[in-house]
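Colleague: Each number in the working numbering comes from the position in the sequence shown (counting from 1) with 2 added on.
Derived from the structure by calculation, the hints contain no laboratory data.
Any given hint might turn out to be false.
So the derived label-pair ranges between C-beta atoms look like this [to be verified]:
| # | residue 1 | residue 2 | range |
| --- | --- | --- | --- |
| 1 | Thr684 | Leu474 | 51 to 57 Å |
| 2 | Asp624 | Ala204 | 53 to 59 Å |
| 3 | Gly29 | Ala240 | 47 to 53 Å |
| 4 | Gln628 | Gly576 | 50 to 56 Å |
| 5 | Val453 | Glu483 | 20 to 26 Å |
Mimicking BS3-like on lysine-lysine, the simulated pairs with C-alpha atoms at most 25 Å apart in a straight line are [as the list claims (entries may be wrong)]:
| # | residue 1 | residue 2 |
| --- | --- | --- |
| 6 | Lys819 | Lys758 |
| 7 | Lys295 | Lys284 |
| 8 | Lys722 | Lys243 |
| 9 | Lys819 | Lys879 |
| 10 | Lys254 | Lys382 |
| 11 | Lys908 | Lys944 |
| 12 | Lys254 | Lys498 |
| 13 | Lys156 | Lys578 |
| 14 | Lys494 | Lys284 |
| 15 | Lys284 | Lys176 |
| 16 | Lys562 | Lys156 |
| 17 | Lys382 | Lys349 |
| 18 | Lys494 | Lys295 |
| 19 | Lys882 | Lys795 |
| 20 | Lys716 | Lys282 |
| 21 | Lys926 | Lys895 |
| 22 | Lys908 | Lys895 |
| 23 | Lys176 | Lys494 |
| 24 | Lys719 | Lys758 |
| 25 | Lys243 | Lys716 |
| 26 | Lys176 | Lys498 |
| 27 | Lys380 | Lys349 |
| 28 | Lys895 | Lys930 |
| 29 | Lys178 | Lys156 |
| 30 | Lys399 | Lys382 |
| 31 | Lys498 | Lys243 |
| 32 | Lys795 | Lys819 |
| 33 | Lys371 | Lys349 |
| 34 | Lys758 | Lys722 |
| 35 | Lys795 | Lys879 |
| 36 | Lys282 | Lys498 |
| 37 | Lys55 | Lys93 |
| 38 | Lys944 | Lys895 |
| 39 | Lys930 | Lys908 |
Owing to the predicted nature of the structure, the values given are computational and were not obtained by experimental measurement.
The beta carbon of each residue, even a glycine, is placed where N, CA and C say it ideally should be.
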Amino acid sequence: MTPEHRYSPELAGQIESAWQNYWIDNGTFNAPNPVGNLAVENPANPGAADKPKLFVQDMFPFPSGAGLHVGHPLGYIATDVYARYNRMLGKNVLHTLGYDAFGLPAEQYAIQTGTHPRIKTQESIDNMERQLGRLGLGHDRRRSVATTDVEFYKWTQWIFLQIFNAYFDQDEQKAKPIAQLIERLERGEVEGHEDYPTLDRAAQAEVVDSFRLVYRSNSMVNWCPGLGTVLANEEVTADGKSERGNFPVFRKQLSQWMMRITAYSDRLIDDLDLLDWPDKVKAMQRNWIGRSKGAEVDFDVAGHTVTVFTTRPDTLFGASYVTLAPEHELVDTLVTDTPYAADVDPKWTYNAASPMEAVEAYRAAIAAKSDVERQENKDKTGVFLGVYATNPVNGDKLPVFIADYVLTGYGTGAIMAVPAHDTRDYEFATEFNLPIIEVVAGGNIEQEAFVDAGTAVNSANDRGLDLNGMSLDEAKATTIEWLEAQGAGVGKIQYKLRDWLFARQRYWGEPFPIVYDEDGVAHALPDSMLPIELPEVDDYKPVSFDPEDADSSPQPPLAKATDWVNVELDLGDGPKMYRRDTNVMPQWAGSSWYQLRYIDPENHDAFCDFANEQYWTGPQADRGAQDPGGVDLYVGGVEHAVLHLLYSRFWHKVLFDLGYVSSKEPYRRLFNQGYIQAFAYTDSRGVYVPAAEVEERDGQFFYHGEPVTQEYGKMGKSLKNAVAPDEICDDYGADTLRVYEMAMGPLDTSRPWATKDVVGAQRFLQRTWRLVVDEESGAIRLHDAALTDEDNKQLHRTIAGVRDDYDNLRMNTVVAKLIEYVNYVTKTYPDGAPRAAVEPLVLMLAPVAPHIAEELHQRLGGQSTLAYEPFPTFEDKWLKDDSVELPVQVNGKVRGRMTVAVDASKDDLLAAAHAAVAAHVEGKTVVKEIVVPGRMVNLVVK
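Model the full structure from these sequences, guided by the hints.
Modeller: Spelled out as structure tokens, the structure:
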């Protein structure tokens with residue numbers, strides 16, 4: 003029969019529910035702000051505003067209708083453990099959680115069911131809050147937000163307008179209000195636009211718009227007919243499919259909102275040095291931005307100038323052809339319908355009679371290829387345009403092609419091809435029988451391109467340029483100097499990063515606070531008109547198309563709400579009719595600034611009061627002059643290394659430039675947690691079956707009697723191997739789940755889930771419970787005896803180790819050390835332990851298993867929550883051993899052991915050693931005594 007007071011799942015559930023209600027009712031985790039509505043002192047933590055602060059944040063979760071599996075809370079539990087520990091260190095800790103709730107899933111559900119996306123979104127949020135609530139996460143619930151809250155997206159729209167109404171000052175390398183630029187334009191002070199004062203209103207607006215950080219561009223975009231929307235480059239997979247839905251994506255010219263993130267390329271790269279982020283993530287951002295130094299070189303092509311960007315101007319003498327992107331603006335100008343000459347290599351013609359015919363066929367053939375596919379495909383294809391370019395360094399005539407491995411999105415959309423020293427050019431030249439000219443010595447160009455640094459050869463002309471014998475850096479500098487002197491080129495820094503496509507043809511997103519007049523001029527709406535709320539519509543579905551229909555065009559669902567789209571407004575010059583924008587912002591909008599709203603969620607006058615932002619995320623004097631500020635700890639998956647983190651850094655830097663925040667960066671420290679993985683099973687068709695219904699017999703696996711194949715993968719709905727946290731909480735308790743997930747392995751690595759192993763965490767908590775509570779009577783088992791020296795050693799070493807592990811997010815070794823200590827106390831004191839040995843244990847356990855710790859703390863006499871109890875400290879003297887056991891060797895073999903004082907003299911060590919191996923040296927002569935302090939003693943005898 004189970005003892006009445008055993009720590010069972012039922013008792014754990016009762017304890018957990020009671021303490022969760024206590025924390026909510028008493029606002030235990032409420033963190034006060036310096037000013038505003040949340041500047042309310044927490045009675046449980048008096049004087050918090052005068053204590054050191056800590057802002058801990060999890061990456062924004064999306065409220066999935068399917069609910070959570072046990073892999074989802076891994077990071078949330080870890081940040082909660084860290085936040086609870088730091089509260090006990092005496093810090094004012096801000097920790098909360100909101101929801102990134104705009105996006106396709108809720109909209110797709112609405113399309114299928116006719117239910118408004120807001121309803122399904124709120125149902126999903128409610129379910130997640132219920133599931134997360136069972137885990138006892140110590141969140142300041144007053145600060146929780148959802149991007150779909152009207153009050154939240156009012157400020158998303160407001161920030162958009164600040165970016166729209168700003169331009170980037172190249173001289174000062176920062177954003178400034180567009181009004182300052184307009185004043186300079188009106189005075190004729192902007193180079194290249196001296197005639198601005200004489201232009202009509204529409205032409206002036208066009209000039210101003212060309213400087214804005216948000217602008218409309220008729221540019222190449224990623225059009226996904228299957229989703230009925232355009233996608234950012236980052237939302238397209240390497241095989242040219244949509245990240246969501248796996249639909250084909252096509253390149254198409256469309257007019258879209260863009261954000262000029264490229265203006266910040268240098269700052270986005272350089273400021274990575276200020277951040278405490280994983281090197282892997284920094285490298286991914288640097289590679290995505292792709293800063294490279296080189297030159298822009300002008301080639302004359304049939305009287306037109308084709309400018310190419312190259313990182314290797316030192317190889318100009320090795321150019322054997324020029325290649326344009328198929329979408330390059332000059333292609334249609336250069337190409338003609340004149341038939342190809344008879345002597346043109348047939349491979350160059352794409353089986354067409356004329357260049358114009360070949361270009362048309364080629365463009366159609368590559369329309370469905372993604373940028374990545376075009377760049378990485380080793381099967382090179384292209385079309386000769388029938389014209390030649392003049393190489394400025396030697397006058398050579400180079401045939402001009404279009405080829406899909408050249409992109410308009412990088413450089414100028416044109417390259418000078420040097421096959422001997424570029425792998426893709428080498429592959430193209432080999433396929434098309436083009437010359438391969440060595441201009442850098444050191445490789446074997448008969449077999450492959452030589453792309454490393456080397457000595458320049460075959461690189462001289464009779465106009466003062468001689469690179470022969472020069473190293474790479476010297477040759478590059480010399481070539482750029484010569485090009486600039488000849489007016490044939492300039493030194494240039496180039497980037498891979500493209501401007502951010504900032505519009506989606508969906509319904510469930512933030513409306514743009516922009517209207518258009520009868521001339522199509524965009525007007526920013528005044529703050530007084532915010533928020534622009536989504537209208538109610540009957541049909542949420544964008545006009546979608548056959549996924550393979552590359553010729554289709556977006557038709558947003560908001561265009562159907564004609565009464566909302568066409569609106570009469572007075573924008574300062576009397577009532578007029580305007581047309582609203584029918585696109586919505588991408589899902590990334592809200593997550594680009596949400597940490598700032600966590601700081602001040604009840605502020606109706608600003609997105610965040612400057613004083614509150616400065617307190618929570620401003621630069622800290624004790625961190626040095628280079629501290630960028632930002633959230634103190636940001637935890638989430640590495641899959642957000644580029645998209646979310648790059649976008650949020652850009653928005654934050656604009657807000658910093660405009661004086662709205664004191665921090666240069668949104669996230670000072672970043673930590674990427676791993677994943678929880680689990681076994682999955684497929685049947686003979688390769689279809690996944692529910693893992694929970696698979697049986698193992700004699701090393702084989704069966705689903706309803708049919709054999710299945712076991713594999714290993716990320717836990718989730720698609721692999722049908724998800725385990726719900728509710729199930730574990732019901733069967734074991736939330737604290738057991740927390741302990742198990744933290745103990746599974748290092749936080750930054752993936753780890754395997756095994757439900758059968760959860761019982762180990764439960765038994766540890768049961769042993770801890772039994773140290774305090776008698777299972778039969780419920781009485782306290784502790785006594786007031788003093789600790790022995792060994793007790794003090796075990797206790798203080800545990801405290802020291804646990805503090806260090808908590809500080810460094812090593813939660814798995816925290817649990818290991820606590821288990822070891824519990825085992826020591828249990829074994830040493832089977833009939834009841836000293837109070838002084840157990841009370842510090844309860845406090846050390848509290849961050850990782852807070853419910854049981856709160857209950858034990860109360861039973862031990864605590865009057866309220868232990869959330870702000872001081873974390874145990876250690877004394878150095880107990881971390882050092884007074885004595886040490888050392889081996890004693892005789893002729894190199896261990897023959898005995900001795901226990902001696904740590905600071906024993908050499909004579910004392912030898913005396914103890916002789917005593918320890920007396921039987922092995924009796925009757926023999928000791929010819930040598932070797933003492934290695936702290937290690938061993940070796941006696942050489944004959």
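Colleague: Does each hint hold? Answer for all of them.
Modeller: For each hint, the structure was consulted:
1. The beta-carbon spacing between Thr684 and Leu474, approximately 52 Å, falls within the hinted interval of 51 to 57 Å.
2. The hinted range of 53 to 59 Å is satisfied by Asp624 and Ala204, whose Cβ atoms lie roughly 54 Å apart.
3. Under the hint 47 to 53 Å, the C-beta atoms of Gly29 and Ala240, about 48 Å apart, fit the expected range.
4. Take Gln628 and Gly576: their Cβ atoms lie about 52 Å apart, and the range 50 to 56 Å holds.
5. In this structure the supplied range 20 to 26 Å holds for Val453 paired with Glu483, their Cβ-Cβ distance being about 24 Å.
6. Distance restraint check for Lys819 and Lys758: the Cα-Cα separation of roughly 22 Å lies within the 25 Å cut-off, and the hinted pair is therefore satisfied.
7. Taken as a hint, the Lys295 and Lys284 pair is honoured in the structure, with Cα atoms around 19 Å apart against an allowance of 25 Å.
8. Under the criterion of a C-alpha separation no larger than 25 Å, the hint pairing Lys722 with Lys243 is consistent with the structure, at around 24 Å.
9. Our distance criterion of 25 Å between C-alpha atoms is met by Lys819 and Lys879, whose separation comes to about 19 Å.
10. Using a Cα cut-off of 25 Å, the hinted pair Lys254 and Lys382 holds, with the two alpha carbons roughly 22 Å apart.
11. A C-alpha spacing of about 22 Å is found between Lys908 and Lys944, which places the hinted pair at or below 25 Å, so the restraint holds.
12. At most 25 Å may separate the alpha-carbon atoms for a hinted pair to count; Lys254 and Lys498 meet this at roughly 19 Å.
13. Among the hinted pairs, Lys156 with Lys578 is consistent with the structure: their alpha-carbon atoms are about 24 Å apart, no more than 25 Å.
14. Between Lys494 and Lys284 the CA atoms are separated by roughly 24 Å; this keeps the pair inside 25 Å, and the hint holds.
15. Taking the CA atoms of Lys284 and Lys176, the gap is near 22 Å; set against the 25 Å cutoff, the hint holds.
16. The hinted pair formed by Lys562 and Lys156 meets the criterion: a straight-line CA distance of about 23 Å does not exceed 25 Å.
17. Note on Lys382 and Lys349: the hinted pairing holds, with a Cα-Cα distance of about 11 Å set against a maximum of 25 Å.
18. For the given pair, Lys494 sits about 6 Å from Lys295 by alpha-carbon distance, which is consistent with the 25 Å threshold.
19. About 8 Å separates the Cα atoms of Lys882 and Lys795, which keeps this hinted pair within 25 Å; it holds.
20. A C-alpha spacing of about 21 Å is found between Lys716 and Lys282, which places the hinted pair at or below 25 Å, so the restraint holds.
21. A threshold of 25 Å between alpha carbons decides the hint, and for Lys926 with Lys895 the separation of about 16 Å falls inside it, so the pair holds.
22. For a cut-off of 25 Å, the pair hint linking Lys908 to Lys895 stands: about 20 Å separates their Cα positions.
23. Pair hint Lys176 plus Lys494 holds up; C-alpha atoms about 20 Å apart against a cutoff of 25 Å.
24. Note on Lys719 and Lys758: the hinted pairing holds, with a Cα-Cα distance of about 21 Å set against a maximum of 25 Å.
25. Distance hint between Lys243 and Lys716 is fulfilled; the C-alpha atoms sit about 21 Å from each other, no more than 25 Å.
26. Using a Cα cut-off of 25 Å, the hinted pair Lys176 and Lys498 holds, with the two alpha carbons roughly 21 Å apart.
27. The straight-line distance between the Cα atoms of Lys380 and Lys349 is roughly 16 Å, inside the 25 Å bound, and the hint therefore holds.
28. A distance of roughly 14 Å separates the Cα atoms of Lys895 and Lys930; the hinted pair therefore holds under the 25 Å criterion.
29. Note on Lys178 and Lys156: the hinted pairing holds, with a Cα-Cα distance of about 22 Å set against a maximum of 25 Å.
30. The straight-line distance between the Cα atoms of Lys399 and Lys382 is roughly 22 Å, inside the 25 Å bound, and the hint therefore holds.
31. Of the supplied pair hints, the one linking Lys498 and Lys243 holds, its CA atoms being roughly 21 Å apart against a limit of 25 Å.
32. The suggested pairing of Lys795 with Lys819 holds, with an alpha-carbon distance near 13 Å, which does not exceed 25 Å.
33. Among the hinted pairs, Lys371 with Lys349 is consistent with the structure: their alpha-carbon atoms are about 21 Å apart, no more than 25 Å.
34. Distance restraint check for Lys758 and Lys722: the Cα-Cα separation of roughly 18 Å lies within the 25 Å cut-off, and the hinted pair is therefore satisfied.
35. About 9 Å separates the Cα atoms of Lys795 and Lys879, which keeps this hinted pair within 25 Å; it holds.
36. With a CA separation close to 18 Å, the supplied pair Lys282 and Lys498 stays within the 25 Å bound.
37. Distance check on the hinted pair: Lys55 and Lys93 sit about 5 Å apart at the alpha-carbon level, within 25 Å; holds.
38. Distance hint between Lys944 and Lys895 is fulfilled; the C-alpha atoms sit about 14 Å from each other, no more than 25 Å.
39. Distance hint between Lys930 and Lys908 is fulfilled; the C-alpha atoms sit about 14 Å from each other, no more than 25 Å.
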